[in-house]
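What follows is each chain in one-letter form.
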Amino acid sequence: MNLRKYQKVYKKFLHTSLASELEYKTNILVDFITAILSLVGSIFLLSIFFQNNGYIGGWKFEQALIIQGIYTILNGITNTWFNPNLTEIVKHIREGTLDFVLLKPIDSQFFISLKKINPSGILEIMLGFFLLFFCIRINQINLNLSFLTQSLVTISCSICILYSLWFFISTTTIWFVKTWNAIEVLRSFLYIGRFPLNSFSFSLRIFFSVLIPIAFITTIPSEVFLGLSQLWKILLEVIVATVFLITSRKFWLFALKFYSSASS
Amino acid sequence: MVQNIIEVRNLSKSFDISSKEPGLKGTIKHFFRRQTKSLKVIKDISFEIKEGEIVGFLGANGAGKTTILKMLCGLIYPSEGSILVSGYLPFKRKENFLKNITLIMGQKQQLIWDLPPIESFYLNASIYDLNKFEAKRRIKKLSEMLEIDEELFIPVRKLSLGQRMKSELLAALIHEPNILFLDEPTLGLDINAQRNLRKFLQKYNKETNATICLTSHYMKDITSLCKRVICVHEGALSYDGKLDLLLKKLSPVKEILIVCRSEEDAIKLENSGFTVKNKIKNEITIKIENNSITSSLKTILNNFDIEDLFINEPPIDEIIGRVLIKKDYDI
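Note that the protein sequences, when read in sequence, are chains B and G.
Position 20 (the first sequence) corresponds to 20 in my numbering; numbering is contiguous.
Each position in the second sequence, counted from 1, maps to that position plus 1000 in my numbering.
Isolated chain G (complex conformation):
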């Protein structure tokens, strides 16, 4: 049986936030007497993640995804509740715990700006107490997986964003962690660089059985990497489960465009009991529920003279967009 590697129970986090009224008067008032209020950004959430799982955290900006990731890796102290990651309390930041995890942030970098990435890799290798030969072996292996070679010897400031992100990944993975926290890793990358990064993460997960917790606003990252998603809405958990179940729940019907050989066939099909969305000459669009799609298509193909057929699914971004603004998905 696969073990839980992350266990979160009734986790909450509050921050003291100061607010300021607009204008000069507000600024002066704010300078002398700062009004702060406690804001609960994470509200009583619980979940478990199994070893080797890739889990996507979904939520609107400010929903609390990054705060959860930062509490999981031990950067922020929780206000209430408990977190256990790989058997450790993250916020104690024990050496063995830190050797097991890594955090990659799409908008922040750890590479030394003026030097080639290889210098940062060897610096990290010494911090993780790796000897020179082991470090060299790991750099070679990871650079092959990431398909970077000459870039390792060019100053970071002269690399493209995609090359820099690959180098950031290598720097963050040199100690071969078994839990990866990725906060919007594909931010700002072009389509090819995004695809390469996803390909790499899939391969890394397959080869090392590493657990990956990922936040991203690019739905392609979530759909191609994560079987399971955790949706966060205003700091509370709104859904935790399989991605395809969520999609089915949110989009229970599919639209099918059928091109009939003749207009008569289209009229016959229109009157055969299916829910028709529209009909233009010999083209008819009908709506079929996901659970009866195979049987319905079989009936149509057997009883009508069909020239062509297209199954249209609503764009995933549109479906997920609904998750971000809705509070609860009880599946």
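One chain only, chain B, in its complex shape:
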């Protein structure tokens, strides 16, 4: 793979995508306001849950805010890259414009996963980081190299798991043509990731850890922030993320053999 070429193409993706979005100034402004209000609303909702009892599933409000921060970053990444690109796969397949992607001398997964960018999601990512830094202060977390490495690894793994799940569902469009509903279900599960895993019943915890690995996405990185994480959990998240990434890649290549292109 020619990395220099891919860097160059990604720069062009960024440029064209931002230029396209900037054509509609009001839309960006509305998106920015929505991102801020959404975060304020989520924190307000969380504070209501903690009003009567200081703890939920053994977590204090200040600790639960860390999960909210990680959720906001992941939701920002979802809105910046996954939502504009991966929902487009459905459109590409329904309308047959995937033909143009497949006939370009570039990796098709790279192309359809990164071609577009939504600038309002970047604000969400920044807000998420801002909230995390605030949580580091109020929870008096010690910023050392081990903490930074662990948090970076777990957050990166969370992004990979989320991307793979989303990409996997979008790929099934090649057979089922319409999969919007499945993506909405995934987004709903992600909302659940705003709450500590321990606040759910045992059966739901198993469901969110094994079947839909939402637990890995937000809870494990949050545990790293609070110094509660164990090494095996971090390693497990790395393994899960790697397996998910490889599987989604192989599934995409397999699915393309069944692509029949839309009729003209």
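Think of the hints as simulated: they come from the structure by calculation, not from any bench.
If a hint is listed, it holds; no wrong ones were tucked in.
Simulated pairs of lysine to aspartate or glutamate, EDC-like, Cα-Cα distance not exceeding 20 Å:
#, chain 1, residue 1, chain 2, residue 2
1, G, K1281, G, D1265
2, B, K104, G, E1095
3, B, K5, G, E1176
Anything over 12 Å on all C-beta distances counts as not near chain G; from chain B, calculated:
#, residue
4, F61
5, I122
6, L145
7, F147
Treat the numbers as computed from the prediction; the structure is a model and nothing was measured.
The C-beta atom is built at its ideal place from N, Cα and C for all residues, glycine as well.
Let chain B serve as the given structure and place chain G on it in line with the hints.
Only chain G this time, still in chain B's reference frame:
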């Protein structure tokens, strides 16, 4: 000797198609138990295309022309048979193969809707690993050939269909491919835009010796660009050969309207052994076979006092229309 650039042997393609009975009952049945059947859309076809050739694919809607083009450029896997394009197996979509080909579809677009076409050109240039100067040179050259200039800097959504199609062509040709697959490129264009596009394709073929595979329902596209046509009928090949041979075969006689100086001359001509279609006063219409047209006209001009003469050929659309509904043309 000119090399074969495309070789197709015993190619077949089947699709699983689901069918649904009408009404609510049919819809519910279709939802719970989908009945699918395998439909063979391409049936055992073989052909070769030489480098630099322009070949037109003719056939009715749903005959399988687009499916053939999509298999040739590697978008669809063949069910049976083999395809070799420029020495590559298309469906493997190797980088060097993809750099050699392009697909242009009249009804689908790759340009970024909200931005001027120039942005899409530079994006494609980076995908094909062209440096900025080379990209600029090619955009300049192609825009001159396509006669577009200011349009390059206007958002695509504000361009007319003709301007958009020209820009689509430029985006698709920036990597200078030597095989062009064109699926109804003139669809929806006005007569002038169609003519300009044909002129461009002729020029591009002449200058670069690129091979062009074209499907179109506009017969003018086929007659002005393609010497050779491949006719597809219900997925099978019904004719592969020169277009003029096909036309001669389908239309073996020409009608000639002769205006004689006097009615006596017309009567004399009527009784001279030619096949007469009709006669009104001094005007007579006769039918002459294509292979004897020169000698027959010479005889008429030498022996009769002729005021005027018109050779009528049946409209090409009418002739080709017969190809689309007939199964086999053994020439």
